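With the sequences and hints as input, model every part of the structure.
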Amino acid sequence: MLYISSANRFVTLLVPQKLFLSLIKFGCLVRIGCVVLYNAQGKFHKSTTKTLDYVVSQADSTIENLRNVSDYLASAKLLGVDQVFLPSDVQTDIDQIGGRINSSASLLDEKSSENSSDIQDLLDSVRLALIVVAAIMLVLTFLGLLFSIFGMQLLVHILVVLGWILVAGTFILCGIFLLLHNVAGDACVAMDQWVQNPAAHTALDEILPCVDTTTALETLAKSKEVTSQLAEVVNQVITNMSNINFSPNFKPLYINQSGPLVPILCNPFHADLTDRACSPGEVDLNNATQVWSGYVCQVSAAGICETTGRLTPTIYSQMEAAVNVSYGLINYAPFLVQLEDCSFARQTFSEIHREHCPGLRKYSREIYVGLVIVSTAVMLSLIFWVIYGRERRHRTGGKQEHEHQAEDRAAHQEVVEEGGEIKEH
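In the numbering used here, the protein residues as written are 4 to 428.
No lab work stands behind these hints, which were simulated from the structure alone.
Bear in mind the structure is a predicted one, so any value in this text is a computation, not a measurement.
Here a beta-carbon is modelled for each residue, glycine too, at the ideal position from N, C-alpha and C.
One or more hints might be untrue.
Said to hold, decoys possible - Simulated crosslink set (BS3-like; lysine-lysine; CA at most 27 Å straight-line): (1) K46 with K365; (2) K227 with K80; (3) K53 with K114; (4) K49 with K365; (5) K53 with K365; (6) K114 with K49.
Said to hold, decoys possible - Between beta-carbon pairs, the in silico distance windows are: (7) D63 with F145: 43 to 49 Å; (8) N185 with A336: 38 to 44 Å; (9) D127 with I168: 51 to 57 Å.
Following this line, the structure appears as structure tokens:
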């Protein structure tokens, strides 16, 4: 405590108080800048990661839906009701369109995964660089102030050299983040423009590419055709077997059919694949299996109905599978339309522009401001360290010269006094 008190009195005596206070102020300014920088980089990293995760989730959802459609089509190819299957040409078309769907899904998966990985690595590197810069600047400022107060000029000069190198690097980083801030703003504007004109080919296509329009159109058409054909397969079995009371001689069509007639399935499409309304007496895909369950009979070991009914459990399960596949394809029709006009990408970029862009611009600007504060405050601190050291040496030298002069005057006075004494004797 005695040493610290002596040092404080030494500083007060040798260094102008305003210069010392300036060093303290600049040190505090560096700390404020580092706090701003640290908080801003955390928010920026969180915001950009959230945006990236949203884009990846949209891409993953699209990929999953594409593969689900492919799986439904593949299942439809294998479906049969009482040995009645889809026409061979439809099965061939399903194979072809399935290959294109899987190719499109793989391309989208590859690009989105590659781009998201590269962007995430860049974001992590930027975050680490900003944290390191803030930490180094804090340590540098503290050591510089400490060495200046206690007159460790050699260490101060070393820190000054290192400090100027760091300040230069920080100013370069300021420029990079100013550029990043402008790029973020331009990217958000580009997203908004792309939403208005999605047909234009831009760099955004590399981030979240649209599925090939031809493939989307063919998949939509083929899903409608398969749905219509499955309805025809089911209705063919109902009309030509289940609703006819065959004699026992007509095996295997005879299953001892009895009771009310089974309603046929509503075909949601005309022959030209335009939408069709259900006719009276038809059951739609939403409740067909529930209605048909009331027409299922109990069968013997030979597969003949022993109770009232027109559908065996085996035929019913096959009809149920056909309805489920058709229902799935119908439900994916809006998704396929979105693929056709690329509205899924438009929706993604519109959401980013509306919800994520304001935060990206705000936090990138805060990082830029924090870097400017830190680099400017450290630069001024470096200048005042040098001035502080020179002033300290100057006043220390002045005091020593004053002490030497006082000693010389005292010695001269003693000589004069001794000379006077000799004269008196």
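Structure-based check of each hint:
no.: 1; hint: K46 with K365; result: 10 Å, holds
no.: 2; hint: K227 with K80; result: 14 Å, holds
no.: 3; hint: K53 with K114; result: 19 Å, holds
no.: 4; hint: K49 with K365; result: 13 Å, holds
no.: 5; hint: K53 with K365; result: 15 Å, holds
no.: 6; hint: K114 with K49; result: 23 Å, holds
no.: 7; hint: D63 with F145: 43 to 49 Å; result: 47 Å, holds
no.: 8; hint: N185 with A336: 38 to 44 Å; result: 42 Å, holds
no.: 9; hint: D127 with I168: 51 to 57 Å; result: 25 Å, violated
The earlier numbered hint that this structure contradicts is number 9, and it is the only one.
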